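Chemist: Listed below are the residues making up each chain.
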Amino acid sequence: AQSVTQLDSHVSVSEGTPVLLRCNYSSSYSPSLFWYVQHPNKGLQLLLKYTSAATLVKGINGFEAEFKKSETSFHLTKPSAHMSDAAEYFCVVRDNFGNEKLTFGTGTRLTIIP
Amino acid sequence: DAMVIQNPRYQVTQFGKPVTLSCSQTLNHNVMYWYQQKSSQAPKLLFHYYDKDFNNEADTPDNFQSRRPNTSFCFLDIRSPGLGDAAMYLCATTRSGGAEETQYFGPGTRLLVL
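Protein chains in written order, with the working numbering: chain P, 62 to 175; chain X, 16 to 129.
Don't take every hint at face value.
Stated by the list, open to error - Mimicking DSSO-like on lysine-lysine, the simulated pairs with C-alpha atoms at most 27 angstroms apart in a straight line are:
{"hint": "1", "chain 1": "X", "residue 1": "Lys59", "chain 2": "P", "residue 2": "Lys103"}
{"hint": "2", "chain 1": "X", "residue 1": "Lys67", "chain 2": "P", "residue 2": "Lys162"}
{"hint": "3", "chain 1": "X", "residue 1": "Lys59", "chain 2": "P", "residue 2": "Lys110"}
{"hint": "4", "chain 1": "P", "residue 1": "Lys162", "chain 2": "X", "residue 2": "Lys59"}
{"hint": "5", "chain 1": "P", "residue 1": "Lys103", "chain 2": "X", "residue 2": "Lys53"}
{"hint": "6", "chain 1": "X", "residue 1": "Lys32", "chain 2": "P", "residue 2": "Lys103"}
{"hint": "7", "chain 1": "X", "residue 1": "Lys53", "chain 2": "P", "residue 2": "Lys162"}
{"hint": "8", "chain 1": "P", "residue 1": "Lys119", "chain 2": "P", "residue 2": "Lys130"}
{"hint": "9", "chain 1": "P", "residue 1": "Lys130", "chain 2": "P", "residue 2": "Lys162"}
{"hint": "10", "chain 1": "X", "residue 1": "Lys53", "chain 2": "P", "residue 2": "Lys110"}
Bear in mind the hints are in silico, worked out from the structure with no lab data behind them.
None of these values were measured; they are calculated from a predicted model.
Just need the whole structure built from these sequences, with the hints factored in.
Modeler: Right, dumping it as structure tokens:
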């Protein structure tokens, strides 16, 4: 079985300051991990993914995430927040044992303060 | 360069009046998914097609059905929409068999039930 816990339902940061969105996962097998972003009334856009290659993954719009197996974490970071980063962020896990299904976290709403 | 296309983007229907949402893809992916996403919640998987094989989630309501006439198209039929079915409906696609395969989401159809 697999599960995802996003530790914060809301995060607020000032424009230009660092962003940290936390995610912990549980998986019986070697997982793939994803971060998706969703702007209001839009679909989900892939930010980045981890698939057992490099543990530090760089994504679009300056975001990156580090896979830490010992901590079962996959936190999303960005050095400097931009107003356009305000959105909902979902951490997602996929078990790579013949199961194509995704398990979503409950989401973190990121607010950027001008 | 749209890859997963959903029509319409907004759909208004009346209580109990059947409605069909459509999804098409230009990626030639063999797996297609329908998700329901209610306000401030994570997407919830309703069905997925693995090639032509239909897979229904255990808790998908009986008045939800799906059709996939060919690789490119997939439809979601709601036979008798209730007020609780108002939500964003997301279509996604992937290619099966690889750990690196990502689910690509369409922009969604927002359904309003009056």
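Chemist: All hints, please: hold or fail.
Modeler: Now for the hints, and whether the structure bears them out:
Note on Lys59(X) and Lys103(P): the hinted pairing holds, with a Cα-Cα distance of about 16 angstroms set against a maximum of 27 angstroms. For the suggested pair Lys67(X) and Lys162(P), the alpha carbons sit about 17 angstroms apart, so the restraint of at most 27 angstroms is met. The straight-line distance between the Cα atoms of Lys59(X) and Lys110(P) is roughly 20 angstroms, inside the 27 angstroms bound, and the hint therefore holds. Between Lys162(P) and Lys59(X) the CA atoms are separated by roughly 11 angstroms; this keeps the pair inside 27 angstroms, and the hint holds.
A threshold of 27 angstroms between alpha carbons decides the hint, and for Lys103(P) with Lys53(X) the separation of about 13 angstroms falls inside it, so the pair holds. Only pairs whose Cα atoms come within 27 angstroms are accepted, and Lys32(X) paired with Lys103(P) is accepted, the gap being roughly 25 angstroms. Taken as a hint, the Lys53(X) and Lys162(P) pair is honoured in the structure, with Cα atoms around 19 angstroms apart against an allowance of 27 angstroms. With a C-alpha separation of about 17 angstroms, the suggested pairing of Lys119(P) with Lys130(P) holds against the 27 angstroms cut-off.
Taking the CA atoms of Lys130(P) and Lys162(P), the gap is near 21 angstroms; set against the 27 angstroms cutoff, the hint holds. For a cut-off of 27 angstroms, the pair hint linking Lys53(X) to Lys110(P) stands: about 25 angstroms separates their Cα positions.
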